[in-house]
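Asker: Chains as they are written, first to last, in the numbering used here: chain A, 3 to 306; chain W, 3 to 306.
There may be inaccurate statements among the hints.
No copy labels: a pair is met if it fits in one copy or bridges any two.
No more than 25 Å apart at the CA atoms, straight line, and that leaves these computed lysine-lysine pairs for DSS-like [claimed, not checked]:
#1 Lys238 to Lys290
#2 Lys289 to Lys4
#3 Lys250 to Lys4
#4 Lys223 to Lys196
#5 Lys289 to Lys276
#6 Lys289 to Lys200
#7 Lys69 to Lys276
#8 Lys4 to Lys196
#9 Lys290 to Lys29
#10 Lys290 to Lys216
#11 Lys290 to Lys4
#12 Lys29 to Lys289
#13 Lys250 to Lys276
#14 Lys216 to Lys196
Derived from the structure by calculation, the hints contain no laboratory data. Quick caveat, the model's predicted, so the values are computed rather than measured.
2 protein chains.
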Amino acid sequence: MKLIESVPNFSEGRRKEVVEKIVAEAKKYDRVWVLDWSMDADHNRSVITLVGEPENLINALFDMTKKAAELIDLRNHTGQHPRMGAADVIPLVPLYNTTMEECVEYSKILGRRIGEELGIPVYLYEKSATRPERQNLADIRRGEFEGFFEKIKDPLWKPDFGPDRVHPTAGVTAVGAREFLIAFNVNLGTRDVKIAEKIARAIRFSSGGLRYVKAIGVDLKGKGVVQVSINITDHKRTPLYRVFELIKMEAERYGVPVLGSDIVGLFPLESLLKTVSYYLRTDLNAKKVIESSLLEILVRESEK
Amino acid sequence: MKLIESVPNFSEGRRKEVVEKIVAEAKKYDRVWVLDWSMDADHNRSVITLVGEPENLINALFDMTKKAAELIDLRNHTGQHPRMGAADVIPLVPLYNTTMEECVEYSKILGRRIGEELGIPVYLYEKSATRPERQNLADIRRGEFEGFFEKIKDPLWKPDFGPDRVHPTAGVTAVGAREFLIAFNVNLGTRDVKIAEKIARAIRFSSGGLRYVKAIGVDLKGKGVVQVSINITDHKRTPLYRVFELIKMEAERYGVPVLGSDIVGLFPLESLLKTVSYYLRTDLNAKKVIESSLLEILVRESEK
Numbered sequence: 003m004k005l006i007e008s009v010p011n012f013s014e015g016r017r018k019e020v021v022e023k024i025v026a027e028a029k030k031y032d033r034v035w036v037l038d039w040s041m042d043a044d045h046n047r048s049v050i051t052l053v054g055e056p057e058n059l060i061n062a063l064f065d066m067t068k069k070a071a072e073l074i075d076l077r078n079h080t081g082q083h084p085r086m087g088a089a090d091v092i093p094l095v096p097l098y099n100t101t102m103e104e105c106v107e108y109s110k111i112l113g114r115r116i117g118e119e120l121g122i123p124v125y126l127y128e129k130s131a132t133r134p135e136r137q138n139l140a141d142i143r144r145g146e147f148e149g150f151f152e153k154i155k156d157p158l159w160k161p162d163f164g165p166d167r168v169h170p171t172a173g174v175t176a177v178g179a180r181e182f183l184i185a186f187n188v189n190l191g192t193r194d195v196k197i198a199e200k201i202a203r204a205i206r207f208s209s210g211g212l213r214y215v216k217a218i219g220v221d222l223k224g225k226g227v228v229q230v231s232i233n234i235t236d237h238k239r240t241p242l243y244r245v246f247e248l249i250k251m252e253a254e255r256y257g258v259p260v261l262g263s264d265i266v267g268l269f270p271l272e273s274l275l276k277t278v279s280y281y282l283r284t285d286l287n288a289k290k291v292i293e294s295s296l297l298e299i300l301v302r303e304s305e306k
Numbered sequence: 003m004k005l006i007e008s009v010p011n012f013s014e015g016r017r018k019e020v021v022e023k024i025v026a027e028a029k030k031y032d033r034v035w036v037l038d039w040s041m042d043a044d045h046n047r048s049v050i051t052l053v054g055e056p057e058n059l060i061n062a063l064f065d066m067t068k069k070a071a072e073l074i075d076l077r078n079h080t081g082q083h084p085r086m087g088a089a090d091v092i093p094l095v096p097l098y099n100t101t102m103e104e105c106v107e108y109s110k111i112l113g114r115r116i117g118e119e120l121g122i123p124v125y126l127y128e129k130s131a132t133r134p135e136r137q138n139l140a141d142i143r144r145g146e147f148e149g150f151f152e153k154i155k156d157p158l159w160k161p162d163f164g165p166d167r168v169h170p171t172a173g174v175t176a177v178g179a180r181e182f183l184i185a186f187n188v189n190l191g192t193r194d195v196k197i198a199e200k201i202a203r204a205i206r207f208s209s210g211g212l213r214y215v216k217a218i219g220v221d222l223k224g225k226g227v228v229q230v231s232i233n234i235t236d237h238k239r240t241p242l243y244r245v246f247e248l249i250k251m252e253a254e255r256y257g258v259p260v261l262g263s264d265i266v267g268l269f270p271l272e273s274l275l276k277t278v279s280y281y282l283r284t285d286l287n288a289k290k291v292i293e294s295s296l297l298e299i300l301v302r303e304s305e306k
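Build out the structure end to end from the sequences listed, making use of the hints.
Answerer: See the structure below:
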């Protein structure tokens, strides 16, 4: 069993029937499961969480993109969130028995199909990026749909796949492989947000900390505590426990207790296995977890 | 989704075709999955690991018991492992969204059917036991198949279900609800097995330690290390991390390092969640684990 996760973002957060039609495209496929989907009217954007076996997932994502291009017209789209395409961004995340390299390969297969069959320019981003200035999604998206009609003429922004002109209604799409992102908050027993900020600086990559950590200090007004709010962009290389222990170490310096932590949203089993393996001084893998063994059987059985 | 685990033991470890026929009875059912099965010729015994939704699982276990009673004749059975029935013991373990109380109820439903429909005397054991001397399986099984023809006449050993006489070929069966048992070994950086024995004594219930811990000190000959070998009989009430931290604490007293640990065999996701929640000072549950969410969907889908 090989599983990839994808969290495609579509530029429709108001017309529920449109989002449902896009979701329905994924549900047509065996061994592709929609774990969650949500829409935001202010952002005018929807986010769908899918897990599936690689080839079927890629086909599902292609069909979802095709449907989005049919039903969404960027010329009439307004919303708070920056966007450049009907299918705005499609990340592929290695979840189970799949490498980042495989996800990069699949992102190229998907990108090529979107470019060639739908006539939508595609940019490969993150781990799939073909040049450094395309790693960061925000850099690609700068100028948004409206700005892309000029931007695409710049040889620096020639698309990786598809035509050299913006699709008139569906814009352009970013596709890329990346690691699962874990949002992790740690509460400190102090009202002094400066201490949370100092700890955030100590642990984050941008100011000398851990490679795959972004962090800020946040004041939880009225709760009498402050928080270090963290994104771990590669939890395999910068695991949860190392971030937590480093925060504890730095907090001790200020005599501030670490009250607790919270992982926001869903997280992969592997992040738990790495954490338990560290603290119990062992080396656990998913095959030993009953629920994983069962999942493996069910995925095999799921060929309809 | 509610899931129960069962690990029934059958008194056949040599004739593969017999065990396969017993396993096949489980595979007939929707939402019952055979995770693993193994047979041991010396013990002349097989162990099957099943997970399933409660009602289907109970029906599968009944059919397996019926098949075992048809194919196994205890009068001709020899093996190193003590045994009293063709289906020797059937534990029910709450795995997912199921309480111990529910498992006790299901064990009674299963026990009644085995007793009444198959004419096999049934003893409820562990959490299902109807009197204290029946909690421990070894106490029930004492005397084995051959001894039960006398033992059953003692009013103390009147069966919970079924006739007051031993089934002539299929013997008697124990059915009961119990917690998942975790086998956990911790290696110490010393050659002195006395230190492992002292730590085992310090942590185990029988000599004043943690309620659900059994432990012994073991010499891993030739490896230059010794081991504290542990059974945790209720990991929800005596969680893994507490056992491990107590061993670390006691080992420190002797200046002996804890080199590592190992969990033997499969273990439930919940044991990981409890451990991570302790160390990261949080409170995680299975619904936030991607693989669990997917499992939930697949179990729902699995209605054939």
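Asker: Please go over all the hints and tell whether each is borne out by the structure.
Answerer: So, going through the hints one by one against the coordinates:
When the C-alpha separation of Lys238 and Lys290 is checked against a cutoff of 25 Å, the pair qualifies both within a copy, at 19 Å, and between copies, at 18 Å. In this homomeric assembly, Lys289 and Lys4 come within 25 Å of each other (Cα to Cα) both inside a single copy, at 13 Å, and across copies, at 21 Å. For the identical chains of this complex, Lys250 and Lys4 are neighbours neither inside a copy (36 Å) nor across copies (38 Å), given an alpha-carbon limit of 25 Å. For a Cα distance limit of 25 Å, the shortest separation of Lys223 from Lys196 inside one copy, 14 Å, qualifies, whereas the shortest one across copies, 55 Å, does not.
Taking the shortest alpha-carbon separations for Lys289 and Lys276, both the intra-copy value of 14 Å and the inter-copy value of 19 Å come in at or below 25 Å. Proximity of Lys289 and Lys200 under a CA criterion of 25 Å is satisfied in neither setting, with 40 Å inside one chain copy and 33 Å between copies. Neither within a single protomer nor between protomers do Lys69 and Lys276 lie at most 25 Å apart by alpha-carbon distance, with minima of 39 Å and 43 Å respectively. Taking identical chains as interchangeable, the C-alpha atoms of Lys4 and Lys196 are never at most 25 Å apart, the minima being 45 Å within one chain and 47 Å between chains.
For a Cα distance limit of 25 Å, the shortest separation of Lys290 from Lys29 across copies, 22 Å, qualifies, whereas the shortest one inside one copy, 30 Å, does not. In the homo-oligomer, the alpha carbons of Lys290 and Lys216 lie at most 25 Å apart only across protomers (22 Å), although the nearest pairing inside one protomer, at 32 Å, exceeds that limit. Proximity of Lys290 and Lys4 under a CA criterion of 25 Å is satisfied in both settings, with 17 Å inside one chain copy and 21 Å between copies. In this homomeric assembly, Lys29 and Lys289 come within 25 Å of each other (Cα to Cα) only across copies, at 21 Å, whereas the closest approach inside a single copy is 27 Å.
With identical chains, the CA atoms of Lys250 and Lys276 are at most 25 Å apart both within one copy (18 Å) and between copies (20 Å). Proximity of Lys216 to Lys196 under the C-alpha cut-off of 25 Å is restricted to the intra-copy arrangement: shortest distance 17 Å within a copy versus 48 Å between copies.
Violation of the numbered hints given earlier is confined to hints 3, 6, 7 and 8; the remaining hints are satisfied by the structure.
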